[in-house]
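Chain by chain, the residues:
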Amino acid sequence: MTTANPTNPILWTDHASTSKRRNWLARSAAAIAITFILVALLAPLLAWHQPIVCKYQGQFYFPAISDTASRLPLVGSWFQKAKPFRFPSFDARTALEPDAFALWPPVPYGPMEMVADANRPASRRHWLGTDDRGRDVLARLIHGTCVSVRVGVYSMLLAGIVGIIIGGAAGFYGGAIDWMCSRLIEIMMCFPAFFLILVVMVWIGNGVTGIILVIGLTQWTSIARLVRAEFLSGRELDFVDAARSYGASGWYIALRHLLPAALAPTLVALTFGVADAILLEAGLSWLGLGVGADVATWGGMLRDAYDQIRTHPGLMTAPCTAIFVSVLCCHILGEQLRRSLDPRIGFSESRS
Amino acid sequence: MWHYILKRILLTIPTFVGIVLLTFLLIHQAPGSPATGSAGGFGESGVSAADHARLRAQFELDAPVIVRFGHWMKRVVCFDFGQSFADGRPVSQRIAERLVPTLTLTFAIIVIAFAIVIPIATYAATHPGQPVDKVILAACVGFYAIPPYILGMILILLVGVALNWFPFAGLTSDNFADLSTWQKLKDVISHSALIGSCFLIPLVAYLVPFVRATMLSVLKEDFVRAAHARGLSHRRVMLRHVLPNTLRPLLTVMGLIVPAVLGGSVVLEVMFSWPGMGRLLFESIHDRDYPVIMGMTVLTAMVVLGVTLVVDLLYAWADPRVRYA
Chain E
1 MTTANPTNPI
11 LWTDHASTSK
21 RRNWLARSAA
31 AIAITFILVA
41 LLAPLLAWHQ
51 PIVCKYQGQF
61 YFPAISDTAS
71 RLPLVGSWFQ
81 KAKPFRFPSF
91 DARTALEPDA
101 FALWPPVPYG
111 PMEMVADANR
121 PASRRHWLGT
131 DDRGRDVLAR
141 LIHGTCVSVR
151 VGVYSMLLAG
161 IVGIIIGGAA
171 GFYGGAIDWM
181 CSRLIEIMMC
191 FPAFFLILVV
201 MVWIGNGVTG
211 IILVIGLTQW
221 TSIARLVRAE
231 FLSGRELDFV
241 DAARSYGASG
251 WYIALRHLLP
261 AALAPTLVAL
271 TFGVADAILL
281 EAGLSWLGLG
291 VGADVATWGG
301 MLRDAYDQIR
311 THPGLMTAPC
321 TAIFVSVLCC
331 HILGEQLRRS
341 LDPRIGFSES
351 RS
Chain C
353 MWHYILKRIL
363 LTIPTFVGIV
373 LLTFLLIHQA
383 PGSPATGSAG
393 GFGESGVSAA
403 DHARLRAQFE
413 LDAPVIVRFG
423 HWMKRVVCFD
433 FGQSFADGRP
443 VSQRIAERLV
453 PTLTLTFAII
463 VIAFAIVIPI
473 ATYAATHPGQ
483 PVDKVILAAC
493 VGFYAIPPYI
503 LGMILILLVG
513 VALNWFPFAG
523 LTSDNFADLS
533 TWQKLKDVIS
543 HSALIGSCFL
553 IPLVAYLVPF
563 VRATMLSVLK
573 EDFVRAAHAR
583 GLSHRRVMLR
593 HVLPNTLRPL
603 LTVMGLIVPA
613 VLGGSVVLEV
623 MFSWPGMGRL
633 LFESIHDRDY
643 PVIMGMTVLT
653 AMVVLGVTLV
663 VDLLYAWADP
673 RVRYA
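Sequences listed follow chains E and C, in order. Here the numbering used here is used: the first residue of the first sequence is 1, the next is one more, and so on. Here the numbering used here is used: the first residue of the second sequence is 353, the next is one more, and so on.
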């Protein structure tokens, strides 16, 4: 019965202006998104309390590089840092000989390190200044990107998988299974997402993995609805009948004929969902219920800025900009994806 | 019509049972039941031994699962969620006094949003592709990307601290009791102005492109051209033929606004120390006030369920095609 599928206002803008301007917008959004991902992957090479390459007691060490490698998804556990640099009590700044060879990251401070006086303005040494505890704002911003990108990408992967399974089952089998899946979607949609996430966070406690799980397991409903609708309409198409007539199995039809059609709208919804996940995580961290105080996050930085909004309002600039730009990027990318993946838009444009 | 209403109401029953079941599972099957002192890894404060005993009795942890579920169901239906750990008052009473400000604010926001959105969207839809239309759309995209809590901090900084136009903490002034009724109303409104704008601005930015797109497609319909052909005034065509058809899809969106506002209320109400549902949830989570947490979770879901039902019925009333589908 719904005539519109309200997910985002950009979805309703008309497409009279398909000119280069849009292309330019989408390209810069993609460039910024790739930058964010690269910053997240290479964070220790950009800001770290240990050098990238250094000579220590006559031997070469690569502490920041091995930290970068050990943070990689999947293969990270293959890498381990060399010995003296691995110990938490080891302070590279004092341990290294002053004249020994050492190549430091551009921001030679860790995100949790108290390296200067509190609330210093931007300077040559601290490009964005320091926060209320004397930590370098730029280093925190860079490492906050890791958390936001991880939460955004992984939680939406999870939401996509859950949504495709439940929505696909509903649309493919129909009947009682459809009824049950639809009720499940309805039930989940009755809970305000933030309420449910907060309540579950109480039980599972702080941590990035917990946040990813909770956001992924609550945000799948819109994807399930999209996939269900695509499967329902796809089931009636002639080529599915044709496939059935030559004896294709149900799995084959679902995976080869129905799923590809459903993937396009899913991908669009997931791109918008990344923005929502970033916002949810930042909101949780702002409340102090998110990742935990020992990890730098944009939401946590925003909270620090809020706590001294009267005395040092400038602190909020960095996290605000980061959150705003990343969300805007996701919105623009999602819109561009939708336009390039939806064949109907192409038709209407060529006709008019 | 009656057939549809009955069908739609019956369909909420399984959803209702599902909500009760989900909250039941949250309480009982989550790792670390609420009655374990070490539940969760949340803050240092554990649940005291007395509370622990009370919880065990209250949640009937020793009874069979089906019995416990039945009792939870009964308590939900009766709105009896036990007593709050924090101050010993009934949970329903605590929630009720917070529910009123939040729901009033939500309602006010929706009304004001519509009052703002409809003229802007109408102007944009009747001047498509023109510079003003483009500016409106670009502004909507930009404003929609500003998260409410960032908007809140910016408003506190600009309007609250720098300009000092509106208070930004609490719902009432300290001398609230001495004020006359009119002043009381003014006081509450000025205290809610900033938090209200934080909800309002993204909502308007979300609705304007939607209403504009709907109106554009309505304007292309044959009946609009026919109305013009019959010589009706532009004003009459817009008010009698275009607007009603534009606003109908908005009903569906309304059902989605309510959970969004409720969910967004947590951070904003904490930020503005505004005594609503969101802040109550945050406080209860801090105090590990499980009865209040569970009561609120169920109750908000019920509110959303009710709103969805009303919206669907209104939609069926406004659009006969739904009833006979």
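Hints may be right or wrong, so weigh each one.
Unchecked claim - Chain C regions said to be covered by chain E (calculated; three or more residues, Cβ under 8 Å):
#, stretch
1, 364–377
2, 417–427
3, 450–458
4, 497–505
Please keep in mind that the hints were generated in silico from the structure rather than gathered at the bench. Cβ coordinates follow ideal geometry from the N, Cα and C atoms, glycine included.
Here is what the structure says about each hint:
1. 364–377: holds (count 5)
2. 417–427: With 0 residues closer than 8 Å to chain E, the stretch 417–427 of chain C misses the three-residue bar; violated.
3. 450–458: violated (count 0)
4. 497–505: holds (count 6)
Hints 2 and 3 from the earlier list are contradicted by this structure; the remaining hints agree with it.
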